[in-house]
Amino acid sequence: QQQVKQSPQSLIVQKGGISIINCAYENTAFDYFPWYQQFPGKGPALLIAIRPDVSEKKEGRFTISFNKSAKQFSLHIMDSQPGDSATYFCAAAGNMLTFGGGTRLMVKP
Amino acid sequence: NAGVTQTPKFQVLKTGQSMTLQCAQDMNHEYMSWYRQDPGMGLRLIHYSVGAGITDQGEVPNGYNVSRSTTEDFPLRLLSAAPSQTSVYFCASRDRVGYRDEQFFGPGTRLTVL
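Here the protein sequences line up with chains A and B, keeping their order.
If you're matching positions, the first sequence starts at 25 in the numbering used here and goes up one per residue.
If you're matching positions, the second sequence starts at 3 in the numbering used here and goes up one per residue.
To be clear, the hints were calculated from the coordinates, so they are not data collected in a lab.
Take the hints with a grain of salt, since some may be wrong.
[Unchecked claim] For the chain A half of the interface with chain B, some residues (derived, Cβ under 8 Å), not all of them: (1) GLN33; (2) PHE63; (3) PRO68; (4) PHE86; (5) MET120; (6) LEU121; (7) GLY124; (8) GLY125; (9) GLY126.
All C-beta atoms in this analysis are idealised placements derived from N, C-alpha and C, irrespective of residue type, glycine included.
Next up, chain B with everything else stripped away, as it sits in the complex (with noise of 0.2 Å):
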């Protein structure tokens, strides 16, 4: 199992560029979310998937837009992209089964937008 993959793991944005955030994973969880890393700010959550065709809005989600067309791939669109997203992106997908509650994330991405 590759778990939750991510790519690019670096990238450079000039300021008004759109760009995808790739993000898959291989353990048929239903459940799959974005997250941006702040310093000082943690793991605020941008749009979450309870399952493919349903998303959902997080935290902060103005600026990004989401789908889930099937169950392993989960792609963030940075629509115009701007310095204050800057930041670390992390993909994550979560084990809800019983009494089990796991999320697993993935290597996250490294976004400069200047």
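Same shape as in the complex, but just chain A (with noise of 0.2 Å):
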């Protein structure tokens, strides 16, 4: 049983479009969550992180939106860049980190 439940598997967005990735999980105990980039052949690695007494966060083009009542949160990237194009992952964390299945983004030129 999949805890957290990401859309789309896979993204093509044009250069300066804007990338939304959705997410959703079940288990209220969940107290942070992050997104996690990961380019080809690499591991993993933290791009923004929110926690849900706020709704918003926003670390340059990166913004996490986060709606408590409905268990969901999105990642918009604004003005997508060719060099977004990477897989990304949203997680839930409580004592264990449990990801979503990851969105493939290509940003076109």
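From these two lone chains plus the hints, build me the complex, please.
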């Protein structure tokens, strides 16, 4: 049973566009929601994270929107660039970190 | 700091063989974990440890053993390799201090079981 569901599995966006990736979780005990970015041949690396006491967090072109009542959160990448092409994972954390299935983003020049 | 290191980077095994994937971190993190990554399945937790001498099972522990004798090392043992264990394996250590919570991943081991 997948506790964190992520969509879409793949996404193609034009340079300068907005990339949106969505995640939903089930366990209300989760208290930390990070996003990880993974380039081919590398391990994932932390991109941005949010705790459920706020509804939005922005770092540069990356924004997390968090809806606690709906148990959903999303990553928005503004002004998407070809260098953003990577796989993105949402996650939810309590004692363990549980990952979504990943989204492969391709930003076309 | 080397961060999280994993060896080997690549490995080919025959069905039934056993092997150990090595993982070490030099950041003095208490929390370490092993994941496997398969296409479309994301990162699935195999085993994790919250400190030396303490380990627990994750989502997909069958066929794998771990031990944590020191803070630095967290090896993953495949007892009798099966083709279903063909995957990319990532070790990670987690920094949880106060409000900070970040998991650092190693470069991965690509394992093929024939």
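Hint-by-hint comparison with the structure:
1. GLN33: 7 Å, holds
2. PHE63: This hint is violated: PHE63 (chain A) lies away from chain B, its Cβ roughly 11 Å from the closest one there, beyond 8 Å.
3. PRO68: 5 Å, holds
4. PHE86: 15 Å, violated
5. MET120: 6 Å, holds
6. LEU121: LEU121 (chain A) check passes; min Cβ-Cβ to chain B is 6 Å, inside 8 Å.
7. GLY124: 6 Å, holds
8. GLY125: The hint holds - GLY125 (chain A) has a Cβ within 8 Å of chain B, the shortest such distance being about 4 Å.
9. GLY126: At 5 Å from the nearest chain B Cβ, GLY126 (chain A) passes the 8 Å test, so the hint holds.
Checked against the numbered hints above, the structure violates hints 2 and 4; every other hint is satisfied.
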